[in-house]
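Position chain B against the provided structure of chain A, taking the given hints into account.
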Amino acid sequence: AQTIHQWPVAEIKAVGSPLSLGCTIKGKSSPNLYWYWQATGGTLQQLFYSITVGQVESVVQLNLSASRPKDDQFILSTEKLLLSHSGFYLCAWSLNRGDERLFFGHGTKLSVL
Amino acid sequence: QQKVQQSPESLIVPEGGMASLNCTSSDRNVDYFWWYRQHSGKSPKMLMSIFSNGEKEEGRFTVHLNKASLHTSLHIRDSQPSDSALYLCAASGNNRIFFGDGTQLVVKP
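Chain order of the listed sequences is A and B. Numbering-wise (the numbering used here), the first sequence opens with residue 1 and increments by one. Numbering-wise (the numbering used here), the second sequence opens with residue 1001 and increments by one.
Chain A with its partners taken away, still in its complex shape:
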């Protein structure tokens, strides 16, 4: 069975500090991977997606970057956090093109103060 693990579960960070969030998918080779952001009570906004190692497509620029260093790992990061980065970050995977059912991780709640 496939599992998706996201870390950390929650973070409280200062404005201007760096950030790194990660997720790992086990039990599925070459999944499509996604990062989503959700403001409190807000819409799910797709940030990045990746269909293969080393390739990441940006959907929305929020002063964030993403990388896929391994087939099963997706990293979201920034060198300088803004207040507007606060929210709920969700990593997700899907099988492949044509079946884009998303399986979400538990999410990371980020508070930027």
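Simulated from the structure, these hints should not be mistaken for laboratory data. Just to be clear, a hint being listed does not mean it is correct.
Claimed, not checked - SDA-like cross-link-like pairs, simulated, lysine to any residue; straight-line CA separation at most 25 Å:
1. A/Lys109 - A/Ala10
2. B/Lys1042 - A/Val112
3. B/Lys1003 - A/Thr40
4. A/Lys80 - A/Ser67
5. B/Lys1042 - A/Gly87
6. B/Lys1045 - A/Gly41
7. B/Lys1042 - A/His106
8. A/Lys109 - A/Trp7
9. A/Lys28 - B/Asp1031
10. B/Lys1108 - B/Lys1067
11. B/Lys1045 - A/Ser86
12. B/Lys1042 - A/His5
13. A/Lys70 - A/Val112
14. A/Lys28 - B/Ile1050
15. B/Lys1067 - B/Ser1020
16. B/Lys1003 - B/His1039
17. A/Lys26 - A/Lys70
18. B/Lys1045 - A/Ile51
19. B/Lys1045 - A/Gly22
20. B/Lys1045 - B/Asn1094
21. B/Lys1042 - A/Gln73
22. A/Lys109 - B/Asp1083
23. B/Lys1003 - A/Ala66
24. A/Lys28 - B/Lys1045
25. B/Lys1045 - A/Ser29
26. B/Lys1067 - B/Lys1042
27. B/Lys1067 - B/Asn1094
Chain B in isolation, oriented as in the chain A frame:
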């Protein structure tokens, strides 16, 4: 411009009642429609999907799709308090998956 519009924004139904949620895509390049349910503080989980015209039923949940108008609807019969959640509609195509703002459903005992 929001590519997926959902209505209503919020909905209150009595326990045992019928909840009807609507969703329309403004992007004709979408191929599939999805309904997700998100309980407060949790991640979304896929509830139902529909790819072709018509209706699909799974237990208390029925989803309709009209591909010509890019409109889908979700109906929950015999609603339960545990159905209270944010219901998100998504439309996908070309690795892009757009979510609507959601309908907040409250089922009152």
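Status of the hints after comparison with the structure:
1. A/Lys109 - A/Ala10: 5 Å, holds
2. B/Lys1042 - A/Val112: Within the cut-off at roughly 20 Å; holds.
3. B/Lys1003 - A/Thr40: 20 Å, holds
4. A/Lys80 - A/Ser67: Within the cut-off at roughly 17 Å; holds.
5. B/Lys1042 - A/Gly87: At roughly 13 Å apart (the allowed maximum being 25 Å), A/Gly87 and B/Lys1042 satisfy the hint.
6. B/Lys1045 - A/Gly41: Given pair B/Lys1045, A/Gly41 holds - Cα atoms ~16 Å apart, limit 25 Å.
7. B/Lys1042 - A/His106: 7 Å, holds
8. A/Lys109 - A/Trp7: Distance ~10 Å between A/Lys109 and A/Trp7 Cα, so the pair holds.
9. A/Lys28 - B/Asp1031: 24 Å, holds
10. B/Lys1108 - B/Lys1067: 33 Å, violated
11. B/Lys1045 - A/Ser86: 22 Å, holds
12. B/Lys1042 - A/His5: 14 Å, holds
13. A/Lys70 - A/Val112: 28 Å, violated
14. A/Lys28 - B/Ile1050: Holds, because 24 Å separates the two Cα atoms, which is no more than 25 Å.
15. B/Lys1067 - B/Ser1020: 18 Å, holds
16. B/Lys1003 - B/His1039: Since the Cα atoms of B/Lys1003 and B/His1039 sit roughly 23 Å apart, the hinted pair holds (cutoff 25 Å).
17. A/Lys26 - A/Lys70: Status holds; Cα separation ~12 Å.
18. B/Lys1045 - A/Ile51: Roughly 21 Å between the alpha carbons, so the hint for B/Lys1045 and A/Ile51 holds.
19. B/Lys1045 - A/Gly22: It holds: about 20 Å lies between the C-alpha atoms, which stays within 25 Å.
20. B/Lys1045 - B/Asn1094: Distance ~21 Å between B/Lys1045 and B/Asn1094 Cα, so the pair holds.
21. B/Lys1042 - A/Gln73: Roughly 22 Å separates the two Cα atoms, so the pair holds.
22. A/Lys109 - B/Asp1083: 23 Å, holds
23. B/Lys1003 - A/Ala66: With Cα atoms ~24 Å apart, B/Lys1003 and A/Ala66 stay inside 25 Å; holds.
24. A/Lys28 - B/Lys1045: Between A/Lys28 and B/Lys1045 the Cα gap is close to 18 Å, so the pair holds against 25 Å.
25. B/Lys1045 - A/Ser29: 21 Å, holds
26. B/Lys1067 - B/Lys1042: It is violated: about 31 Å lies between the C-alpha atoms, which goes past 25 Å.
27. B/Lys1067 - B/Asn1094: Holds, at about 17 Å.
When held up to the earlier numbered hints, the structure conflicts with 10, 13, 26 and fits the remainder.
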